[in-house]
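Quick mapping for you: the protein sequence lines, in order, are chains A and B.
Numbering-wise (the numbering used here), the first sequence opens with residue 1 and increments by one.
Numbering-wise (the numbering used here), the second sequence opens with residue 1 and increments by one.
If you are wondering where the hints come from, they were derived from the structure by calculation, not from laboratory data.
Just so it is clear, CB atoms sit at the ideal spot from N, CA and C, and this is done for glycine as well.
Please note: incorrect hints may appear among the correct ones.
[Said to hold, decoys possible] Restraint-style ranges between C-beta atoms, simulated for each label pair:
hint	chain 1	residue 1	chain 2	residue 2	range
1	B	117	A	350	17 to 23 Å
2	B	19	A	15	44 to 50 Å
3	A	15	B	117	44 to 50 Å
4	A	15	B	177	52 to 58 Å
5	A	360	B	117	31 to 37 Å
[As the list claims (entries may be wrong)] Below are the DSBU-like pairs computed for lysine-lysine, each with C-alpha atoms no more than 35 Å apart in a straight line:
hint	chain 1	residue 1	chain 2	residue 2
6	A	314	A	87
7	B	59	B	192
8	B	193	A	463
9	B	221	A	2
10	A	463	B	192
[Stated by the list, open to error] Residues from chain A that face chain B, not an exhaustive set, calculated with beta carbons under 7 Å:
hint	residue
11	5
12	16
13	67
14	316
15	331
16	372
17	377
18	378
19	435
20	439
21	440
22	463
The lines below spell out each chain.
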Amino acid sequence: MKFTDYIRIAFRNIRRQKLRSALTIFAVVIGATSVTIMLALVTGAKSFFLRQVESSGMLQQIAVSPKQDITDFNDAGNGSNCDSCVKLTDDIVNKINKIDHVTGVAREYGAYQLQALVYNGKKLSMNRTDAYDANGVITVTMVAGRDFTPEDKEGVVIITADYADKFGFKGHYQDMVGKEIIIQTQKGYSGVGADVPRPEPPKPGEQNNGPPDYPATQLKAKVVGIQDTSDNSQTVRVPLDWARAINVNHMWQVTEADQKLNEAACKNSRGPCGNQNNMTLVATDYFTQSGYQALIVKADTAKNAKLVAADIKKLGVGAADAESMINQQLMIFNIMGLILGGIGGIALVVAAIGVINTMIMAILERTREIGVMRAVGARRSTVRKLFTFEASLLGFFGGVFGVLVGYGLTRIANVVVNKQLASQSVKASNIIGMPIWLILTVVGIATLIGMLAGLYPAARAAKLDPVEALRYE
Amino acid sequence: MPAIIEIKGVTRTYKLGDEILNALDNVSFSVNAGEFVAITGPSGSGKSTLANIIGGLDKPNSGTISVDGNDLSHTRDNKLSDYRNEHIGFVFQSFNLQGNNTALENVMLPLVFARMKNKERKVRAKECLEAVGLGDRLKHRPTQLSGGQRQRVAIARALATRPKILIADEPTGNLDSARGEEIMKLLKELNKKEGITLLIITHDMNVARQAGRVVEIRDGKLNERRG
């Protein structure tokens, strides 16, 4: 028997019991639809992620860390306090700049002791303050205003859209640009802009009170730009120079010189010698102890990122390109795909049971017909193939309709997601895609499941004794 | 005339629970090409079993059977299927047509298994339906045809692959006597004009009488009477 005959006869048989076939196919449609949607979601999220990574230039970036054994790009900023850590200094930055294929280095340094952003009486807590060179190595998407330039030294700030939303500038971020906002420090802050009064000398008989509790400082800053929120929300960015200045601690101390002065004054005085209080305001630059938190190095091409990372490691510092981080992220997507696809797969397995049921019924009804087919020359294998084809066809139709329904649903989902993305000012749309391989895979799987479900009923049909089958009532 | 069917010492037993039933008990029998043989006997006598063994639907437990040079007692299932397709035409008491297919499609069925091209199939099936006088009923479904017409379609189907042997199991059993006569006339014509070997299983003496030779089976044993 020819292939086209199998298809033709199977198709005709499916049409014979329209309602039953439709219901069986419907069960497959449910399974195929869920597999389609789950896979489309994961695929969409994955390609969206990859596009974001690519457009962020992350593939060309190498993260350098004081910690030597980092393997993950994202670990670079963490753990600068370890015994074996190597301080990231400008000397190292210069050395890195001389490595082949390096096109730029951005130094990262966080500002500490900052507590809240205040605008127009509204106070929002601050999670993170980033500071890095505004030299184009790290690029961010601005939704309003501009990025920092090397001319920005202090008194300027870039906030994420999330903050602007909360300050009431949702939808008109441009209006926030140029506004002056307050960065409020924690109590005890003694960095740039802090009022650090000379402590009163301890009264006779009193213990030294230790460092005084300075009040919180209000640092004025002009908003120069609003940054896209999509990657990490609630970030406040200040220029690198300002971050360094903010982290400088000021403290009144009795230095050795002061001590000598005090002692000298004591010798000369006739009275009790306790309240000589020569003191100096000592500035401690935290940076000189810690160095940069991390460096982001840009290679000329994504391919060379690995080479550059290897060369940087030779300087004794830790370095990692984005590959392992991206791979890890992709693996999460893949696992998600497996789990979600598996959930849809369960629906398909249930549908397969429906196909088995339908086929067994069909074979009972058509027992005599099978007998006739055998009598006029159909081989066992012909009968088996015929019913396997019929079951496969049920699966195939289920797969095709499932993909169609799934496609419709993802279109609707895209409308919702597009709105969501637009509200977060992400420049992307229709991220839930349906590549051709997905369509073919789902239709293929549904057909395969139909075929597998048909194997047992078809084997039963093929095993029928023609004499018995012809006598069957 | 050379023998087209040769059966030697064929025994076929069935297990019915603990009982062993001898459907055919050491039967020997031969049919010449172009003969018209009626096989008669009471129900359960084994006449259908004999027809099934000759038709390649069943196999004997022992003994040999050879039809047109094919040794059927040691033939594998696939070969038996091909044998049925090429050498045998079956006509059943209850017609056994496919209800949702047209007369033409019913007649085309054996040709599908014979791997004939679609166009040729149609031509041949039409030819067969014309031969049984149904040239104007090609697109009719069995439900749109009378009993006699249905049996004609079944005969046309049996003829489709140009078999040498036609096995008809009570072909007139479901028809009134007038229609039955017509069918018998058609079968005899095919036997005479086309030289098709005709085996009719019947317990209707009016039918058996028309055969050139009548064999009777009783309790699995064969008795021959010259007609």
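A quick look at each hint next to the structure:
1. For residue 117 of chain B and residue 350 of chain A, the hinted distance range of 17 to 23 Å is not satisfied, since their beta carbons lie about 42 Å from each other.
2. Judged by the Cβ atoms, the range 44 to 50 Å given for residue 19 of chain B and residue 15 of chain A holds: they are separated by roughly 45 Å.
3. Taking 44 to 50 Å as the suggested C-beta distance range, the pair residue 15 of chain A and residue 117 of chain B does not conform, at roughly 24 Å.
4. Judged by the Cβ atoms, the range 52 to 58 Å given for residue 15 of chain A and residue 177 of chain B is violated: they are separated by roughly 39 Å.
5. The hinted range of 31 to 37 Å is satisfied by residue 360 of chain A and residue 117 of chain B, whose Cβ atoms lie roughly 34 Å apart.
6. Pair hint residue 314 of chain A plus residue 87 of chain A holds up; C-alpha atoms about 15 Å apart against a cutoff of 35 Å.
7. For a cut-off of 35 Å, the pair hint linking residue 59 of chain B to residue 192 of chain B stands: about 30 Å separates their Cα positions.
8. Taking the CA atoms of residue 193 of chain B and residue 463 of chain A, the gap is about 39 Å. The hint is violated against a cut of 35 Å.
9. Between residue 221 of chain B and residue 2 of chain A, the direct Cα distance comes to roughly 43 Å. Violation of the 35 Å bound is thereby established for this hinted pair.
10. The straight-line distance between the Cα atoms of residue 463 of chain A and residue 192 of chain B is roughly 38 Å, outside the 35 Å bound, and the hint therefore fails.
11. For the restraint placing residue 5 of chain A at the interface with chain B, the shortest Cβ-Cβ distance is roughly 5 Å, inside the 7 Å limit, so the hint holds.
12. Nearest Cβ of chain B to the Cβ of residue 16 of chain A: about 6 Å, under the 7 Å cut. The hint holds.
13. Against a cut-off of 7 Å between C-beta atoms, the interface hint on residue 67 of chain A is violated, since the closest Cβ of chain B lies about 73 Å away.
14. Because the smallest distance between the Cβ of residue 316 of chain A and any Cβ of chain B comes to about 77 Å, over 7 Å, the interface hint for this residue is violated.
15. Interface restraint check for residue 331 of chain A: the shortest CB-CB distance to chain B comes to about 51 Å, outside 7 Å, so the restraint is violated.
16. Using the Cβ-Cβ criterion of 7 Å, the hint placing residue 372 of chain A at the interface with chain B is satisfied: the shortest such distance is roughly 5 Å.
17. For residue 377 of chain A, the shortest C-beta to C-beta distance to chain B is roughly 2 Å, which falls under 7 Å, so the interface hint holds.
18. Using the Cβ-Cβ criterion of 7 Å, the hint placing residue 378 of chain A at the interface with chain B is satisfied: the shortest such distance is roughly 5 Å.
19. For residue 435 of chain A, the suggested interface contact is broken, since its CB lies about 38 Å from the closest CB of chain B, more than 7 Å.
20. Proximity of residue 439 of chain A to chain B is violated relative to the hint, the smallest CB-CB distance being about 31 Å (cut-off 7 Å).
21. Checking residue 440 of chain A against chain B: minimum C-beta separation of about 29 Å lies over 7 Å; hint violated.
22. Taking 7 Å as the C-beta contact cut-off toward chain B, the hint placing residue 463 of chain A at the interface is violated, the least distance being around 11 Å.
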